[in-house]
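Engineer: Here are the chains, one letter per residue:
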Amino acid sequence: MDKKMNDYVQDFPILRQKVNDEQLVYLDNAATSQKPRPVIDAVANYYYHDNANVHRGVHTLAERATESFEKVRTKVKNFINASSEREIVYTKGTTEGLNWIARSYGSTHLKQGDEIVITYMEHHSNLVPWQQLAHETGAQLKYIQLLSDGRLDMGSAEKLITDKTAIVAVAHASNVLGVVNPITEIANLAHKHGAVLVVDGAQSAPHMKIDVQQLGADFFVFSGHKMLAPTGIGILWAKSIFLAEMPPLEFGGEMINSVELQQTTFKEFPWKFEGGTQNIAGVIGLGAAIDYLSAIGMEKIELYERSLVENLLPELLKIEGLKVYGPLDPVQHSGIISFNLGQLHPHDVATALDMQGVAVRAGHHCAQPLMEYLGVSAMVRASFYFYNTSEDVQQLVKAIKATKEFFKNDTV
Amino acid sequence: MDKKMNDYVQDFPILRQKVNDEQLVYLDNAATSQKPRPVIDAVANYYYHDNANVHRGVHTLAERATESFEKVRTKVKNFINASSEREIVYTKGTTEGLNWIARSYGSTHLKQGDEIVITYMEHHSNLVPWQQLAHETGAQLKYIQLLSDGRLDMGSAEKLITDKTAIVAVAHASNVLGVVNPITEIANLAHKHGAVLVVDGAQSAPHMKIDVQQLGADFFVFSGHKMLAPTGIGILWAKSIFLAEMPPLEFGGEMINSVELQQTTFKEFPWKFEGGTQNIAGVIGLGAAIDYLSAIGMEKIELYERSLVENLLPELLKIEGLKVYGPLDPVQHSGIISFNLGQLHPHDVATALDMQGVAVRAGHHCAQPLMEYLGVSAMVRASFYFYNTSEDVQQLVKAIKATKEFFKNDTV
Amino acid sequence: MTLSKLNNLYRQVILDHAAHPRHYGTLKDSKEQLELHNPTCGDILKLEVILKDNWIDEIAFSGSGCTISQASASIMTVEVLHKTPVQVEKMVTAFSELVTGEKTTGVQELLGDAMIFEGIAQFPARIKCATLAWKAIYQILQKAGRLE
Amino acid sequence: MTLSKLNNLYRQVILDHAAHPRHYGTLKDSKEQLELHNPTCGDILKLEVILKDNWIDEIAFSGSGCTISQASASIMTVEVLHKTPVQVEKMVTAFSELVTGEKTTGVQELLGDAMIFEGIAQFPARIKCATLAWKAIYQILQKAGRLE
Ligand SMILES: Cc1ncc(COP(=O)(O)O)c(C=O)c1O
Ligand SMILES: Cc1ncc(COP(=O)(O)O)c(C=O)c1O
Chain A
62 MDKKMNDYVQ DFPILRQKVN DEQLVYLDNA ATSQKPRPVI DAVANYYYHD
112 NANVHRGVHT LAERATESFE KVRTKVKNFI NASSEREIVY TKGTTEGLNW
162 IARSYGSTHL KQGDEIVITY MEHHSNLVPW QQLAHETGAQ LKYIQLLSDG
212 RLDMGSAEKL ITDKTAIVAV AHASNVLGVV NPITEIANLA HKHGAVLVVD
262 GAQSAPHMKI DVQQLGADFF VFSGHKMLAP TGIGILWAKS IFLAEMPPLE
312 FGGEMINSVE LQQTTFKEFP WKFEGGTQNI AGVIGLGAAI DYLSAIGMEK
362 IELYERSLVE NLLPELLKIE GLKVYGPLDP VQHSGIISFN LGQLHPHDVA
412 TALDMQGVAV RAGHHCAQPL MEYLGVSAMV RASFYFYNTS EDVQQLVKAI
462 KATKEFFKND TV
Chain B
62 MDKKMNDYVQ DFPILRQKVN DEQLVYLDNA ATSQKPRPVI DAVANYYYHD
112 NANVHRGVHT LAERATESFE KVRTKVKNFI NASSEREIVY TKGTTEGLNW
162 IARSYGSTHL KQGDEIVITY MEHHSNLVPW QQLAHETGAQ LKYIQLLSDG
212 RLDMGSAEKL ITDKTAIVAV AHASNVLGVV NPITEIANLA HKHGAVLVVD
262 GAQSAPHMKI DVQQLGADFF VFSGHKMLAP TGIGILWAKS IFLAEMPPLE
312 FGGEMINSVE LQQTTFKEFP WKFEGGTQNI AGVIGLGAAI DYLSAIGMEK
362 IELYERSLVE NLLPELLKIE GLKVYGPLDP VQHSGIISFN LGQLHPHDVA
412 TALDMQGVAV RAGHHCAQPL MEYLGVSAMV RASFYFYNTS EDVQQLVKAI
462 KATKEFFKND TV
Chain C
4 MTLSKLNNLY RQVILDHAAH PRHYGTLKDS KEQLELHNPT CGDILKLEVI
54 LKDNWIDEIA FSGSGCTISQ ASASIMTVEV LHKTPVQVEK MVTAFSELVT
104 GEKTTGVQEL LGDAMIFEGI AQFPARIKCA TLAWKAIYQI LQKAGRLE
Chain D
4 MTLSKLNNLY RQVILDHAAH PRHYGTLKDS KEQLELHNPT CGDILKLEVI
54 LKDNWIDEIA FSGSGCTISQ ASASIMTVEV LHKTPVQVEK MVTAFSELVT
104 GEKTTGVQEL LGDAMIFEGI AQFPARIKCA TLAWKAIYQI LQKAGRLE
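Chains as they are written, first to last, in our numbering: chain A, 62 to 473; chain B, 62 to 473; chain C, 4 to 151; chain D, 4 to 151.
All clues stand as given, with none of them false.
Here are the simulated lysine-lysine pairs, BS3-like style, with alpha carbons at most 27 angstroms apart: (1) D:Lys49 x B:Lys328; (2) A:Lys300 x A:Lys138; (3) A:Lys300 x C:Lys138; (4) B:Lys328 x D:Lys131; (5) D:Lys138 x D:Lys86; (6) B:Lys132 x B:Lys328.
The hints are simulated quantities; they were obtained by calculation from the structure and are not laboratory data. In this text the structure is predicted, and so the values were computed from the model without any measurement.
Please construct the entire structure, taking both the sequences and the accompanying hints into account.
Structural biologist: Next comes the structure, spelled out in structure tokens:
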């Protein structure tokens, strides 16, 4: 399988470059993925042939653009198994999607004394909007604990999710710990207590088959740019019943039904949420990205990434002084591996790896409460995608060892 | 000059196509502009060489992406003569920018009894957000009248803008009437009464030299997609003093300084407004668009478009039964011409023109109160950009005449 | 001239109905009514019907719109008059399939003069104009509880 | 191995300061203090100074950070001790120009050991690490009203 997967690398010209005189190994996929030629071409071709504003014109280009733009809703619907394309709302990305849910659904449904339950592993984007909502409404924000290997403590979840809970918001997959959370179980817990479940799918949608109905989620959001699509486009999915009652947040342009001097009526969902000219080319690119991923198969992508981790994890654990966060069993570990190398600061490690062509991230990964919880100030993170190869794994391991060697007299 | 300007057409491959067997004449530029090759290439090259998430990584690609991303702020600053790049906030587009001003500045500054003054010619995007703000805060929304030729009635403005006025919001150039409003005069009026002035630059920034300081505006917003840039990127400019005090609206990602379990501090402006991964490639494309426009010269673009209108207007006025809205003097008319052809419905006209290769818009142009004010339900709009030629003007005139002929036994 | 293709859209019957719409106006007696907007173009259609026993006994429309939407409304009123709700529902479906080009045969009898809109499939931007009136009759029957 | 270029960044002096930072800790007496964050990496720098007459009489820093930011803080404290606010302001400017590569000559005397960070211009992602401590001393003097 490795062989066949390696063919996809050819579609990513950016990977064929040297960085600091070394072959680039891009392992920062959790921050953003690279884009294959078919996606870049789809965007360019749209501008070369069909570009026009959507929904507004009777001329030929406008009609073509509108059709392509709306067709992608169907692709997204199929990609995550939504029940209707009308449940697919275009956003700027995961962060905007989560903020919209907090502001539109949250502000109209929460009251003093209600509780919002999230986890210690949330990305700031699935944390700060709820914090703000709690401040505004007088609701309480509570955090589900983690087990020592980084997985969610379901005992803690059962204690925290009660009849007071109005909203539960959880990452499907962690952007730091490499764990995938048991969403269906959490959905059952939430629903038993009359709460809705918001799922942050930023790190899952790119890497595994998503079925929002099977997950039992009420809201599911993700970003295009982490799954081959252009920057500036994301998806907010929610059950129709919620979208129907949620007030729109950005007013103007095509989201309107009729405007009088002192009042306005809005279109039906999803269009009522899409104020102003949308990122049309971004939508087209997202459609091409979904086509590309679907042609490979999401299950295959998930399996392949696991095989890389099965290669990597044992090698890392052999390096003395190297500490991996999250589960140590490769089977439970997604393609995100966060670690520290002795007392070396993650930034020094990341710079040393960069000098060897290996692009990783260092820092708090927009998860400061998690860092605090784990008692570290920062970590190094290597995150894989299907176009990474076992040679990439080897180059990473080699580079980490060389880094350790370089700093050996100092803090390692 | 015409000759030299015509050369730019070559950079727009989309224009070299046939639509309904006729050479495409794209006159829907007020809805969205076409994109020249250098802009499309800039986006593709970014993805082929430098793509990474910004602000977050220490690796080489991340550093390159961040530098390009931030450099565009300087380009935008120079393009509109802001006093600092920190006054440049990236948005999704004009609509988002206006909504953010209403929500962030408006909600924190308005109270019951305050007044918001706009005009009858506003686009819904510069109208509905203020209507909503008025509903929420108990402020009153008032409309400045128009003169019979569509220009702003400054007498009406003087009456409506009083010490009760907190916000004045006006389009720099109308998207329907082809008039350019006297912003400096309105700014003086507003400031005399202690109000702030919000300028909707969606239809001016693409077509003339903008100097926000000379205009005397406090806020100025525009969209990239109407000025050669990709979809999904826009600019909110405001004086530092306002940006400093405005609360952010989208929480998560790089807009954060530090997060604790129950509270969060934000970065400085402009970054505090830019929650989540931004439309990075859109920003890069906007930079390329500004380079392209600046190389031509905004003054030259404005003059050239006026020369097209000087050709077109007299020809149109010769067609019996054709009514042009807005000033009839070409010197006072921007490159947007709205008209009706006898009793023919604008949609029928637009379809007939499309059959002759000419792409125009028909409808209310997101300005229903203006339609109501003028007593029409819809109009046809032809809108020009610098890559349109005098042949385009001729083809439009010819097509209108043929349309009139086709329907002659009916409603014309 | 290059407008010959326009004849596929603006057939004589359509132009005639637009210029002289049938059943244009309002009804006096107690009636079902509905107003629909086409937000894209600002068109407004008001439809009124009087249902007697199990058929449409009287019908009228008013409002403003383009040639296509006016003609389609006029033809629709002619074709549905004295039909039962169940029949009308079938017509609505058939019309929708006709104008999107999904199914264009075997519906002549059902749709009558409304068949004239077959050519509109080539003008996708205008399909909504043609379907507005049919959407209205469907919704009015639905609201009146005459459809299962 | 391919890490020889890293020596340009991690010079021996830097590694030494990072491993054995000077003036690390806190001051007892009444003092000016300031805490700065580098939001990108989560680094925290606490700086304290005692100003006497017109010079920096005592100085200390604490917090956590990478090799570069720790070493830079350590060297900064050594270099600014007993200097006047006006001198320190000049040093801050010179250091900033040094690490961005804008002006690298004629500042040896002014910056002393801090010259060691000249090589960092090749590592743009790390410039912020080196300048954090200098930003802190500047802001502390500004807050204390010792700069015009
Ligand atoms: C005057 C005016 N304001 C605002 C807008 C909204 O711009 P956007 O759709 O890019 O948000 C437009 C364009 O449609 C416009 O013409
Ligand atoms: C788990 C998780 N949630 C949310 C986000 C935010 O996504 P975006 O920056 O695309 O809005 C990210 C990515 O940074 C993430 O990893």
